[in-house]
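Following the hints, position chain B against chain A.
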Amino acid sequence: MKRIQIIIFASLLTLAAHAHAQVEWLSPGANDLRAERLDQNIANLAPSSHRESHPVNYAWSPDRSLQGRPYQSGPTPIASRQPTSTSQGYWVDATGGDLARGVHLPISAGGAVIRISALDADSRIALSAEALSLSVNGRLIEAEFGSDGMATGSDMRQQGMSVPEASLAFQLSRESQAGMLTIAHRGLPVEQALVIHVHEPESPWIAQLGLPRQNVLSGEMLTFDLSIGDGRERLQPGSIQAVLVSPDAAQSWPLSVNRSGQLVLDAAPLAARSEAGIGLYEAHVYTEAQIKGLTVRRDLTLALNIAPAIARFNGIAKDSPKGGLSLTLGVETSTAGRYQVNAEIYGTDARGQLRPVAFVQSAAVLAAGQGQIELNVGQDLLASSGLGSPYEVRNLMLLDQGRMYLLEQRERALRILR
Amino acid sequence: MFRLAQALCLVVLLTVSGAAWSATGVAFVHGTGKATDALNDYWTADMVNSVRSGLPNQSNYVVINCDFEQYMWDSRASGCLATQLHNFITSRGITDLVVLTHSNGGNVMRWILSNPTWDSRYPTIIQATRWVNALAPSSLGTPLADAVMAGNVFEASLGWLLGYQNDAVRMQQTSWMAYYNATWLLGTAGRPSLPTGFWNVVGSDVPAAIWNGAAYCGGYQYQVGLAITKLWLNSCSDGFLECTSQRGAGSLWFIDEQRTRRGRNLSHHQSRRDCHDLDVILRNDL
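Quick note, the sequences are listed as chains A and B, same order.
Residues 1 to 418 (the numbering used here) make up the first sequence, in order.
Residues 1001 to 1286 (the numbering used here) make up the second sequence, in order.
FYI, nobody ran anything at the bench for these hints, they're computed from the structure.
Careful: at least some of the hints might be erroneous.
To be verified - Some chain B residues well away from chain A (every beta-carbon gap over 10 Å; in silico): (1) A1023; (2) D1037; (3) D1041; (4) N1057; (5) D1067; (6) C1080; (7) F1088; (8) S1091; (9) T1095; (10) Y1216; (11) C1217; (12) E1257; (13) V1280; (14) I1281; (15) N1284.
As the list claims (entries may be wrong) - In silico lysine to aspartate or glutamate, EDC-like type, Cα no more than 20 Å apart, as pairs: (16) K318/A to E392/A; (17) K1034/B to D122/A; (18) K292/A to E175/A; (19) K318/A to E24/A; (20) K1034/B to E165/A; (21) K292/A to E233/A.
Every value quoted in this text rests on a predicted model; they were computed, and no experiment measured them.
Here a beta-carbon is modelled for each residue, glycine too, at the ideal position from N, C-alpha and C.
Isolated chain A, as found in the complex:
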């Protein structure tokens, strides 16, 4: 009799849990990635390159990575929330003929590091210190050509720096003046294509290129922040050239400068040739500014990815409390593929504060149309956290594994009440 009573009580509890499991979507954040509608024009879309066909779900506790050793410190803090690239240098293309005549390079501080390389990695040309001549503002100077002050392509390759064998790098004296460096090298084939990299580690002038996020959907406006400064003073760029380059480097789109000095492209484009996992789009910026008669020249590159809106969460979210957390999310797709969902699950502690319970990832192959992906966090993981309802799902991401796209991202996504 007593056993029957227990079974009835347990069943009632389960039913009550079902009855009270309530999942609600939270309002989208300002920096969330989300498609209003799916792209129907998917003729150029690469076929999905996924190899796995079985659904896989995996969940773990956030403190699992700290087990076994005394903790000294975690990962390097990220300096800026906004993805940013910085530069203290620039590149110039030249030929052997140009170098025979002398190439002029603006230098904003002493101690510049110069690298000359053949553009063709297989080139066998001989670059040597003996054939070089250097002058700054018309006066001959010497680089610090000691055993440590000059490196050949072979020396740099031994360090893992993947330069062509036909390379030569050296540093100008730290006492050398800023101004116009003229660099010449005799004896190279006139048509030989070369690249000269000028890096100015001693220069206070640093250029920065930033973007609110590195994942965008096609058609979104791209707005890059560009600055050149030394931490106290900001220089006004005198000239700017900027383009967005496709992952296969076959296409480019010019970026224009708006009234605020930002670089913009009205609608993020998609490359004509789409290939899964080929790499990222890149913004390239080439800019110059003047300060007290000196030219500060900088090149910048920032990577980003542009995805067509081929899938999104369709608003369906159900929690089936069958022991642990079992969250079913509806996904709408315009093409078949293997889709992955990432989620951080937060739970509430005794003081009412939300704390991380688990990270869960789930992936499945979905056909075009309406489908669903189930996220499961086991009862043991949930119980060991000591946290309970209300739960919150944060940093919810929808990814396409077979084409390497991030399709939706929500910083605060769902609240689950039990």
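Coordinates of chain B only, in the frame set by chain A:
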């Protein structure tokens, strides 16, 4: 007397059963490059043999040979690594795997740890892994990759940007790694932690002077270009990677001089060799 015998039996049982339950193994995962004989070409037999001598069963080791000139998600990179780790784990019954990665090998391993749903073999690998000892991992990329990739796109044709370098070098540009860390990889600041420990060993300086005996460990020829390559990096580096990148994901295990013999530094090349007692530290960790 009877109680003493009982206690002794219990100790013996616990020891024997403990050994039977847990089979410890070690895997050596190389960095950028297409390896066919990483034992000799990348790690050296001295390093591998010294480390594996710390195993209860010294044959429980594997030296990975894959094509890490590809992007980390490529089947020739993480797919190949997963195949070799999975075969090692299942064929030898490994339940307690310590993975030693060097440089970009850390990124390929972190791909597997970060994307357990990518391949149904990944969860088996993750479950068997005690932790990863990441020797000088390029978790945030390196300015040296930026320096060799970029050219002036406004002067040259765009096509050479692709042909000039392999995909692994492209991927290790700093803004590329920022993208992958924020999207596909875990363990960096502000991102979820990895499902297993990823413990960094950080090389913080380089002995390049010819009169410095420490510079000769692993071959002096590997130290010659350091004075120049360091100029692209900030003051804390191993000659190829800044400390911030080496500590960019996971947790710090130690900075070279905290543990090495006489507090010596490990250049990027030396952190894959039996230099300055690194092999002993790794052996004692098994």
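Here is what the structure says about each hint:
The beta carbon of A1023/B sits about 17 Å from the closest Cβ of chain A, which is more than 10 Å, so the claim that it is off the interface holds. Here D1037/B stays apart from chain A, with its beta-carbon at least about 19 Å from theirs, past the 10 Å limit. Non-interface status of D1041/B relative to chain A is upheld: no Cβ of that chain comes within 10 Å, the nearest being about 14 Å off. With a least beta-carbon separation of about 21 Å from chain A, N1057/B lies farther than 10 Å from that chain, consistent with its non-interface assignment.
Look at D1067/B: its CB is around 14 Å from the nearest CB on chain A, clear of 10 Å, so calling it non-interface holds up. Distance check on C1080/B: its Cβ is at least 12 Å (rounded) from any Cβ of chain A, clearing the 10 Å threshold; non-interface status holds. F1088/B, annotated as away from the interface, keeps every beta carbon of chain A farther than 10 Å; the closest lies near 20 Å. With a minimum CB-CB distance of about 22 Å to chain A, S1091/B clears the 10 Å threshold, and the non-interface call stands.
At roughly 15 Å, the least C-beta separation between T1095/B and chain A is larger than 10 Å, which holds for a residue marked as non-interface. Here Y1216/B stays apart from chain A, with its beta-carbon at least about 14 Å from theirs, past the 10 Å limit. For C1217/B, the non-interface assignment is confirmed: its Cβ lies about 15 Å from the closest Cβ of chain A, beyond the 10 Å cut-off. No Cβ of chain A approaches the Cβ of E1257/B within 10 Å, the least distance being about 14 Å, so the stated non-interface status holds.
V1280/B, annotated as away from the interface, keeps every beta carbon of chain A farther than 10 Å; the closest lies near 17 Å. Against chain A, the non-interface label of I1281/B holds: every CB pair exceeds 10 Å, the least being about 13 Å. Distance to chain A confirms N1284/B as a non-interface residue, since its nearest Cβ pair spans about 13 Å, more than 10 Å. For the hint pairing K318/A with E392/A, the CA-to-CA distance comes to about 13 Å; that is within 20 Å, so the pair holds.
Between K1034/B and D122/A the alpha-carbon distance is near 18 Å, which keeps this suggested pair within the 20 Å criterion. As the CA atoms of K292/A and E175/A are separated by approximately 19 Å, the hinted pair is consistent with the 20 Å bound. For the suggested pair K318/A and E24/A, the alpha carbons sit about 9 Å apart, so the restraint of at most 20 Å is met. Of the pairs offered as hints, the one joining K1034/B and E165/A holds, with about 18 Å between alpha carbons and a cut-off of 20 Å not exceeded.
Distance check on the hinted pair: K292/A and E233/A sit about 13 Å apart at the alpha-carbon level, within 20 Å; holds.
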